[in-house]
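Starting from the structure of chain G, add chain U with the ligand where the hints point.
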Amino acid sequence: MTTAKTLYDKIWDAHLVHATEDGTSLLYIDRHLVHEVTSPQAFEGLRNAGRTVRAPEKTIAVPDHNVPTTTDRALGIKNEESRIQVEELDKNAKEFGIHYYPVDDVRQGIVHIVGPEQGWTLPGMTVVCGDSHTATHGAFGALAHGIGTSEVEHVLATQTLIQKKSLNMKVEITGHLHPGVTAKDITMAVIGATGTAGGTGYVIEYCGQAIRDLSMEGRMTVCNMAIEGGARAGLIAPDQTTYDYVKGRPHAPTPQQWDDAVSWWQTLFTDEDAVFDKVLTLKAEDIEPLVTWGTSPEDVLPISATIPSPDDFDEGKSKAVSRALDYMGLTPGMKLTDIEIDTVFIGSCTNGRIEDFRAVAEIVKGKKIKAGMRAMIVPGSGLVRAQAEKEGLAQIFTDAGFDWRLAGCSMCLAMNPDQLAPGERCAATSNRNFEGRQGRGGRTHLVSPQMAAAAALTGRLTDIRKVL
Amino acid sequence: MEKFEKLTAVAAPMSLINIDTDMIIPKQFLKTIKRSGLGVNLFDEMRYGDDGSEIPEFVLNKPAYRNAQIIIAGDNFGCGSSREHAPWALLDFGIRCVVSTSFADIFFNNCLKNGILPVVLPPEQVKLLMADSEKGANAKISIDLVSQEITTSDGDTISFEVDAFQKHCLLNGLDDIGLTFEKSNSIDEYEAKSAPLRPWV
Ligand code: SF4
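Order-wise, the sequence lines are chains G and U.
Taking this note's numbering, the leading residue of the first sequence gets 1, the next gets one more, and so forth.
Taking this note's numbering, the leading residue of the second sequence gets 1, the next gets one more, and so forth.
Heads up, a few of these hints could be off.
[Said to hold, decoys possible] Pairwise CB distance ranges, derived in the manner of DEER restraints:
| hint | chain 1 | residue 1 | chain 2 | residue 2 | range |
| --- | --- | --- | --- | --- | --- |
| 1 | G | Lys-278 | U | Lys-62 | 57 to 65 Å |
| 2 | G | Glu-81 | U | Ser-53 | 21 to 29 Å |
| 3 | G | Asp-314 | U | Asp-50 | 44 to 52 Å |
| 4 | G | Asp-72 | U | Phe-181 | 43 to 51 Å |
| 5 | G | Asp-244 | U | Phe-181 | 40 to 48 Å |
Think of the hints as simulated: they come from the structure by calculation, not from any bench.
In this text, a Cβ means the ideal position worked out from N, Cα and C, and glycines have one as well.
So that you can see chain U by itself, here it is in the shape it has in the complex:
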């Protein structure tokens, strides 16, 4: 999992509430053998017309937001199924942080497992960031996980909460595998101890 320390990037405003996992990545894209490559189909039904052409009004199709790495979202982002394909698609597109007033629980955890920082803020502050992000490509927003602060393009700062353990994992790029790697010594010791006892394993 990629580390998350500090990110300065364009933020895309998506004020729609209840964006669910089917909207993030529709079902027909789940038969894949890959985690990667889902980015082109992120928000597929909102993003492309029936003939496959881009819908110009959709935020991520606008020139200013094509390289957005942050989404400022409406309430209850990521509701729906438990499939990890939703964060996989966001990540593949390049999104590393989503800010909203609330997230669906499973989606929230799936984001963290995949190196995406979900930030929960009170409505006024989300509104402020939404307005800032609407200014376009020149209005970059900074997110500093170490100091737990967001800086708007105008220099205003907003602090946010994050679970200490999850912060540790994100800062160090530790997924479950990364965490287990920290215990490699114990695994080595276990193997050294058990091999002579049960050589047939």
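Same shape as in the complex, but just chain G:
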């Protein structure tokens, strides 16, 4: 008799190369995604040791963090350190013979958007990348997580990773979401409930009706922020929605392989009597459109709420709240909907996909953004950009006053020219609101794409349900 297994257990077992008694295991890696920031030392290490990339055909590189997103980027990257990092990736990709989407390739984009889009990410795989938001790929029922530079080198050289197994956590979202409430609100609600360390030591499996109802884009948004809750990875069991998304993509299984692939994928679910080490259940009906007010993703509240006071928290957190409110320039008791913003950023690996843009277009169509507002909408890949142009969305955005950009990480983090100035306040669809994340002294409020669109129109944080 076999014991009941979780989805995580099944993927783990299918990739175990070697295990020692103390639980240290060697796990086979099916896909290794690489970007320009965390890889140069790893490639250099290989070179110095006279090693090669063991499986170049399973290794995919794309520059994203440093690339400018303005249409004149063909002219080159001005910041020297950024330019060198990108050039280094060009060189390494060529030297080691790995798949590569250079800056001028239409398929270039944020690594976590390009992987799924090109069919590299498939159910049941192990996927790693030197980037914490690798969790995104868990939406396909792939075990996906971020790794450090030494580990990047280890995977390049051996196609394996030394790991100890995490615990299993189940996050169930029952029922149905209200209109105006999105995948982003689900994932922020979970972090709000568990805190940023609530998932530490766990791999989360998201399940329940509200998760099943999500598109692949929405599922990627949910898994993207698993890391913000401290979890090693987030997973969603594959189903027909997954197969439909994957089918026909450039690196998906061939028509000859397809039936075998689907039969294996159909075994990738948590057995009925499998045991989770921790369980969280939320009702979809209880989730409201959310917004962060502080400098940690757990500082999240419904848009209808008011700014909390440091006194509402216990001692350790209370100090952090005072500091956060000071940094954010907010006072306790203030209504969230009274917070005025001057910048809107729609994009990132959390919300830079076509579905996000369709939702934004629906809200801003035929309208104008608030005068003086800087509103930036940045596709997650060149193909998302092309698709949005084909569907007429790009025209809707520019007519409304949005700046329609080329693909990249953009204002998600201050590593490229798209940054906040000190004191600027931004409604952003990205995933981190840390001090200085979008630029020194910049103030970030994390929201869904719909909420960001509404904020662009009104110039303040806005309850999307009043706009719909």
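Using the frame of chain G, we list chain U with the ligand on its own:
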């Protein structure tokens, strides 16, 4: 990672206590795309003046110690951040062994990952080695990892402790990648077994 068996070299005395990772390699040198090349900026702020010229009094600038491969250090060497740039800079300069009464924990492990042997000794013995190293270039110190013994320029021997597994890794030049390479057969077998099962991977 380079093997470490036996090393006979000049040792530089640095009796200052609490030398932290920022002193070993200051922050402005971290935006590099390389692990190598940090050696010129090792101890940058102690080593160079504002105009970039060498400070003659700094030990590694003295003719006798320019080729030192060992550092005899004061207490608590390597405290501060977890960045691997500190051992990278030491190694790039040519340092393969640091002796002290104590090391910061993360730094200690980062040294081992990069082929540098950190040796912990009681204060009297560190003092003895410090005095020996102060004699300059003619006073070479030998470190034998196999027999776990240090021999001073006068022929005195001092034995030291080292974790058996870490000793094995250093002697054989095994970093994590090296260790995993020892299991190459298992990886080959895994690939051979899984390829027909999931040919689309
Ligand atoms: S979009 Fe932001 S979170 Fe995503 S990979 Fe880029 S920098 Fe990281």
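Right, here's what the structure says about each hint:
Distance hint check: the CB atoms of Lys-278(G) and Lys-62(U) are about 59 Å apart, consistent with the given range 57 to 65 Å. In this structure the supplied range 21 to 29 Å holds for Glu-81(G) paired with Ser-53(U), their Cβ-Cβ distance being about 26 Å. Evaluation of the 44 to 52 Å hint for Asp-314(G) and Asp-50(U) yields a pass: the beta carbon distance comes to about 48 Å. Checked against the hint of 43 to 51 Å, the C-beta distance between Asp-72(G) and Phe-181(U) comes to roughly 46 Å, which is consistent with it.
Taking 40 to 48 Å as the suggested C-beta distance range, the pair Asp-244(G) and Phe-181(U) conforms, at roughly 41 Å.
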